[in-house]
Amino acid sequence: MLRFTLRRFIGAWPTLLVLMTLAFFMMRAAPGGPFDTEKTLPPEIQANLDKKYHLDEPLIQQYGRYLLDLAQGDFGPSFQYKDYSVNELIAQGFPVSLRLGGTAIILAFFIGSLLGTIAALRQNTATDYTVMAAAMTGISIPNFVLAPLLILLFAVHLQWLPAGGWNDGAFVNTILPIIALTLPYVAYISRLMRSSMIEVLRSNPIRTARAKGLPERTIILRHALKPALLPVISFLGPATAGIITGSVVIEQIFGIPGIGRYFVQGALNRDYTLVMGVVVFYGILIIAFNFIVDVVYALLDPKIRY
Amino acid sequence: MVTAKDINALQSLNSQEELKGRSLWSDAAQRLKMNKAAVTSVILLLIITLLVIVAPSFSPYSFDEIDWDLISTPPSIENMHIFGTDAIGRDLFVRTLYGGRMSLLIGVIATLVSLFIGITYGATAGYIGGRTDTIMMRIVDILYATPFMFFVILLMVFFGRNIYLIFIAIGAINWLDMARIVRGQTLSLKRKEFVEAAIACGVSTPRIILRHIVPNLLGIVVVYVTLTIPQVILVESFLSFLGLGVQEPDTSWGALVNEGAQDMEIAPWALLFPAGFLATTLFCFNFIGDGLRDALDPKDR
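Protein sequence lines, in the order shown, are assigned to chains A and B.
Under my numbering, the first residue of the first sequence is numbered 1, with each subsequent residue one higher.
Under my numbering, the first residue of the second sequence is numbered 1, with each subsequent residue one higher.
Chain A on its own, in the form it takes in the complex (with noise of 0.2 Å):
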């Protein structure tokens, strides 16, 4: 298991590098500089700023002390807000955007597995039908559209909860991002479920579990949920990116002050470190729960050996 572990952790760090790579590749390759203002600078400011950011040294060795200040966790200062470096800006937004983001996953997990679960033992009844068009429904509707519509109904239609903001993290505030970010996830996880679940009742060792007259609650709960969750456990780390990506959106659209909408902010203000700060920090987040992803499916499957 220790090896195993080891050479998923090792694998992990081609991916790193390809994201560091290509996020400072681009920010150099994009147009204009990061002081450009509407005046021209004179020279001499200008070139005690290059130097002051290292912007005058050549490419690969800005490239370098790139790469070995993000080995130790300095994503630079931010161009737009002059008071904060990014990883300021980061730690005040990431505690905002966990608990989105957890919430939104966890909940996911159990409810999609849960009706993903039932339509399977109801498979090809009204109840079956019932969630799995429901199911199709959300994978259909695209967050961006769905929270909209949330608001529209539930803030300026009944008025039960408010539209957006996020009032120091109060729990009404939360509920209708949470939702809009889980819907859909909610509506995969199902259908995997229903399906791997289908697969596992008709295999043998459930077949053997009936022949022995075990109750059905046993053969499902000790027997057939393990290894029917291993499909949505390996959909889990897409999923962690998917809900990432979502809460970009999902945190403009509500006004939350979490990293999603300082990456929005960053990016139409053109605050290049603060917005590769996040992408990097995303990237690191995402390839490290896949890691974790992977060696959970591994202590799991039976079948995988290492």
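No incorrect hints appear here.
For each label pair, taking beta carbons as the anchor points, the in silico distance ranges come out as:
#1 Ile199(B) with Thr127(A): 47 to 55 Å
#2 Lys212(A) with Ser188(B): 35 to 43 Å
#3 Pro74(B) with Ala288(A): 43 to 51 Å
#4 Arg131(B) with Asn87(A): 39 to 47 Å
#5 Phe194(B) with Leu68(A): 50 to 58 Å
#6 Glu196(B) with Ile10(A): 36 to 44 Å
#7 Gly11(A) with Pro74(B): 55 to 63 Å
Computed list of lysine to any residue pairs in SDA-like fashion (alpha-carbon distance at most 25 Å, straight line):
#8 Lys33(B) with Ala133(A)
#9 Lys33(B) with Ala126(A)
#10 Lys303(A) with Arg180(B)
#11 Lys303(A) with Ile142(B)
#12 Lys36(B) with Thr127(A)
#13 Lys36(B) with Gln123(A)
#14 Lys303(A) with Asp177(B)
#15 Lys36(B) with Thr137(A)
#16 Lys33(B) with Thr137(A)
#17 Lys36(B) with Met136(A)
No lab work stands behind these hints: they were computed from the structure.
All C-beta atoms, glycine included, are put in the ideal place defined by N, C-alpha and C.
Chain A is fixed; fit chain B onto it per the hints.
Here is chain B on its own, set in the frame of chain A:
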């Protein structure tokens, strides 16, 4: 006991079978026709496509005509703004359909880009095999774990909202799945007799891949295309929603949803019509993709 009658019946059955051979495709078409959701989706999608192409020319308005006297008016038949107007008085019916043109076009073209890359890459890796295959698929693995959505956003931010860039960027992030699927299929195809025959005849490797492997991948490719198009439309809408996709006065469903969401409290129709079209289209593609997959591979049912 098998009686003479049984044997006769069997024989006539046999000859019937021979008379009407059932290919994979006719078999699949049969199964697809039984799938009501898929058939309805095909019809709906055809209607939407037709509307998007033809209908704007029947409206008295054009997609970028501004009418300051009719700002955010609700749908009405009398003044021929049947979906109402947007915040600067443009006709939403024409804009919704015009945006649909853009969304569908991007969906199809970016899918073709991803198909082209994915098939070439996957078929090459699978056919050549060995170390080349290992390296090529390892690259795919690495790229797979990279959050490309963010890079597409960066591309758009840095290099401006160029429509060709959208095609290429979206196509370029969507080929990974295709490459994996195609490689898997190719691995089993390359051991087939007709490939051996081609090798024996001295056909060159690129030609074998192109003429003998790729055509046989068609089944899986068709299923995958119907599942990729909605994904691509979704990505484009997402970009447009962030204000990074197609540029004014051009529009797409995502851009329209974005505009509609901004003043949905006073003009909900500006959100509901484009959102409805977008969701319906994605719905149809997903149903067709599901139906095709079931039809071509009935194992799951």
